[in-house]
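Trainee: Here are the chains, one letter per residue:
There are 2 protein chains.
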Amino acid sequence: MTRVLVTGATGFIGRQTLAPLRALGFDVHATARTPPAEAGDVVWHAADLLDAGTPERLIAKVQPTHLLHMAWNAEPGRYWTTPENLAWAQASFALYRAFTEAGGQRAVGAGTCAEYDWSHSVCGEDVTPLAPTTLYGAAKQAVGTLLCAYGAAHGPSTAWGRVFFLYGPHEHANRLVPAVVRGLLAGERVAVTHGRQVRDFMHVADVAAAFAALVAREDVLGPVNVASGEPISLRELIGQIQGRIEGPGAVDFGARETPAGEPPVLLAEVRRLRDEVGFTPRFDLTTGLEDAIAWWRARG
Amino acid sequence: MTRVLVTGATGFIGRQTLAPLRALGFDVHATARTPPAEAGDVVWHAADLLDAGTPERLIAKVQPTHLLHMAWNAEPGRYWTTPENLAWAQASFALYRAFTEAGGQRAVGAGTCAEYDWSHSVCGEDVTPLAPTTLYGAAKQAVGTLLCAYGAAHGPSTAWGRVFFLYGPHEHANRLVPAVVRGLLAGERVAVTHGRQVRDFMHVADVAAAFAALVAREDVLGPVNVASGEPISLRELIGQIQGRIEGPGAVDFGARETPAGEPPVLLAEVRRLRDEVGFTPRFDLTTGLEDAIAWWRARG
Numbered sequence: 056m057t058r059v060l061v062t063g064a065t066g067f068i069g070r071q072t073l074a075p076l077r078a079l080g081f082d083v084h085a086t087a088r089t090p091p092a093e094a095g096d097v098v099w100h101a102a103d104l105l106d107a108g109t110p111e112r113l114i115a116k117v118q119p120t121h122l123l124h125m126a127w128n129a130e131p132g133r134y135w136t137t138p139e140n141l142a143w144a145q146a147s148f149a150l151y152r153a154f155t156e157a158g159g160q161r162a163v164g165a166g167t168c169a170e171y172d173w174s175h176s177v178c179g180e181d182v183t184p185l186a187p188t189t190l191y192g193a194a195k196q197a198v199g200t201l202l203c204a205y206g207a208a209h210g211p212s213t214a215w216g217r218v219f220f221l222y223g224p225h226e227h228a229n230r231l232v233p234a235v236v237r238g239l240l241a242g243e244r245v246a247v248t249h250g251r252q253v254r255d256f257m258h259v260a261d262v263a264a265a266f267a268a269l270v271a272r273e274d275v276l277g278p279v280n281v282a283s284g285e286p287i288s289l290r291e292l293i294g295q296i297q298g299r300i301e302g303p304g305a306v307d308f309g310a311r312e313t314p315a316g317e318p319p320v321l322l323a324e325v326r327r328l329r330d331e332v333g334f335t336p337r338f339d340l341t342t343g344l345e346d347a348i349a350w351w352r353a354r355g
Numbered sequence: 056m057t058r059v060l061v062t063g064a065t066g067f068i069g070r071q072t073l074a075p076l077r078a079l080g081f082d083v084h085a086t087a088r089t090p091p092a093e094a095g096d097v098v099w100h101a102a103d104l105l106d107a108g109t110p111e112r113l114i115a116k117v118q119p120t121h122l123l124h125m126a127w128n129a130e131p132g133r134y135w136t137t138p139e140n141l142a143w144a145q146a147s148f149a150l151y152r153a154f155t156e157a158g159g160q161r162a163v164g165a166g167t168c169a170e171y172d173w174s175h176s177v178c179g180e181d182v183t184p185l186a187p188t189t190l191y192g193a194a195k196q197a198v199g200t201l202l203c204a205y206g207a208a209h210g211p212s213t214a215w216g217r218v219f220f221l222y223g224p225h226e227h228a229n230r231l232v233p234a235v236v237r238g239l240l241a242g243e244r245v246a247v248t249h250g251r252q253v254r255d256f257m258h259v260a261d262v263a264a265a266f267a268a269l270v271a272r273e274d275v276l277g278p279v280n281v282a283s284g285e286p287i288s289l290r291e292l293i294g295q296i297q298g299r300i301e302g303p304g305a306v307d308f309g310a311r312e313t314p315a316g317e318p319p320v321l322l323a324e325v326r327r328l329r330d331e332v333g334f335t336p337r338f339d340l341t342t343g344l345e346d347a348i349a350w351w352r353a354r355g
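Residue numbers (this note's numbering), protein chains in the order written: chain S, 56 to 355; chain U, 56 to 355.
Derived by calculation from the structure, the hints in this document are not laboratory data. Predicted model, so just to flag it, every value in this text is computed and none were measured. Virtual Cβ for every residue (Gly too), placed ideally from N, Cα, C. Careful: at least some of the hints might be erroneous.
Stated by the list, open to error - Coverage of chain U stretches by chain S, computed from C-beta distances (three or more under 8 Å per stretch; other residues unrestricted): (1) 145-154; (2) 205-216.
Stated by the list, open to error - Chain S is faced by these chain U residues, among others (derived, beta-carbon under 7 Å): (3) Pro138; (4) Ala197; (5) Thr200.
Please model the entire structure based on the sequences and the hints provided.
Mentor: Right, dumping it as structure tokens:
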């Protein structure tokens with residue numbers, strides 16, 4: 056029996072991990088503060104992991120062999136600095152401890168490119184120093200580093216997926232890709248930064264499928280970048296969106312200031328994901344953006 | 056009112072922080088699993104911080120304005136790898152969260168040189184990458200990094216003292232300095248490694264006094280190395296001990312293998328402790344070793 060417990064399973068990434076986990080043969084249990092009305096072929100558990108004792112009770116109830124821990128505060132504009140980052144780190148340790156003490160075999164958690172020292176343009180899991188400059192990055196680093204060290208010393212087999220930039224259905228409406236798509240669909244002028252930043256973007260369904268694959272590949276340990284490995288400038292990304300939406304809308308480059316501390320180039324080394332996990336993305340940028348645009352268009 | 060809560064207050068370092076904290080004017084509350092029979096001018100609280108809910112209850116009861124968190128598993132031979140490192144990280148977050156939510160002003164925790172990347176011979180707080188290779192180092196890094204990031208974002212004023220090498224009264228009998236002192240006092244042959252390792256040693260009373268000073272210096276934030284800044288080879292250190300103990304005992308250099316991964320040189324940059332905290336050690340190596348030898352001799 057392989058039973059996976061997915062936390063944060065109604066989140067932007069988490070919601071898309073359930074189908075690939077089912078496809079990999081897992082008995083899927085999922086947790087969220089408010090589970091969806093339709094359970095599908097997933098067993099849902101309503102739980103607030105920040106309530107003391109809840110992580111332990113959840114593990115005791117579900118008895119998972121595998122754990123995919125995606126839950127965290129991801130509220131745009133707030134998640135970088137919210138005090139909840141400390142609470143989530145504490146809850147993550149409680150969850151992982153309960154899981155390992157109950158004999159869990161394999162744990163995967165969601166990290167972030169914000170754990171890396173951003174003065175390094177291309178981030179490799181084993182070579183780029185970690186030097187988060189935000190509370191969010193520090194909290195994720197704390198959890199990822201300790202869980203992987205614990206797993207290496209005592210089991211369970213533990214990996215940590217570091218997420219870079221992503222887009223797709225259910226993204227928060229105020230983030231870059233939705234803001235541009237929605238603005239252009241509405242025929243508005245969209246204010247953005249200079250757009251010369253170079254980033255690694257991946258469709259959220261691929262990010263989620265990569266996490267599912269990582270759960271199943273129990274021999275892959277430690278940090279793994281979850282990214283496309285394809286550099287693109289924001290200007291080019293936005294240009295590709297513009298090319299797909301006709302109408303009076305426009306994008307004003309340079310109309311917004313670039314946030315302080317934003318690196319010009321931030322890319323992922325993806326050798327571990329490609330070669331060790333054996334993961335191949337389903338979307339390229341063209342099909343991915345078409346999917347995202349179609350999703351927003353359908354929401355009119 | 057400035058009331059400090061000291062955790063791990065019967066430990067090797069913790070026990071020596073109480074007097075300097077009193078001398079600095081603090082109302083001192085201390086916690087340990089088993090408080091000493093004689094309370095002195097300290098209010099003791101029997102508590103096991105690894106019991107769920109205990110950190111929160113302790114903070115609610117004591118209502119400290121200052122927190123000095125020294126408690127951890129420090130059992131020689133076991134502390135590098137014990138699963139308790141995860142439990143201590145979790146308990147540390149619980150304690151700090153309760154402290155900050157109760158309006159605490161200043162928190163200091165005990166870190167370790169094992170947080171640093173040991174390929175750098177001289178470790179500076181803001182320049183040397185962190186790359187722990189042990190579960191203990193990873194757990195301490197997780198707590199230190201996140202507490203300091205949290206403090207910087209939301210308060211309380213937070214600092215993290217990274218301890219290097221130390222010696223003195225109440226050290227565990229199997230560690231290097233006690234092993235050499237006790238062996239020579241007993242007229243035995245003591246097996247040690249080649250002894251060419253260069254380290255930073257500080258008397259435990261100075262380490263403790265430095266932590267007390269760090270608690271009081273609320274303007275000093277983030278990591279601070281707690282060390283002497285004086286390099287010495289183990290061979291020279293042991294030679295100084297030999298020079299103070301007459302008798303038939305001897306030291307066999309090279310009779311023990313050097314543990315894998317031990318760096319040849321591991322030293323601390325101590326500018327922050329000296330200049331920002333304004334701390335000056337009371338002991339030099341000569342008076343420090345005399346004190347340690349006298350303590351073991353009295354236990355003859």
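Trainee: Quick one, is the U/Ala197 hint okay against chain S at 7 Å, beta carbons?
Mentor: Because about 4 Å separates U/Ala197 from the closest Cβ in chain S, which is inside the 7 Å limit, the hint holds.
Trainee: Under 7 Å is the threshold here; is the Cβ of U/Thr200 close enough to any Cβ of chain S for the hint to stand?
Mentor: holds (5 Å)
Trainee: Regarding the hint that U/Pro138 lies at the interface with chain S, is the smallest CB-CB distance below 7 Å?
Mentor: holds (5 Å)
Trainee: Okay, the segment 205-216 of chain U and chain S, do three or more residues pass the C-beta test at under 8 Å?
Mentor: holds (count 4)
Trainee: Are at least 3 residues of the segment 145-154 of chain U within less than 8 Å of chain S when you compare beta carbons?
Mentor: holds (count 5)
In summary, the structure agrees with every hint in the numbered list given earlier.
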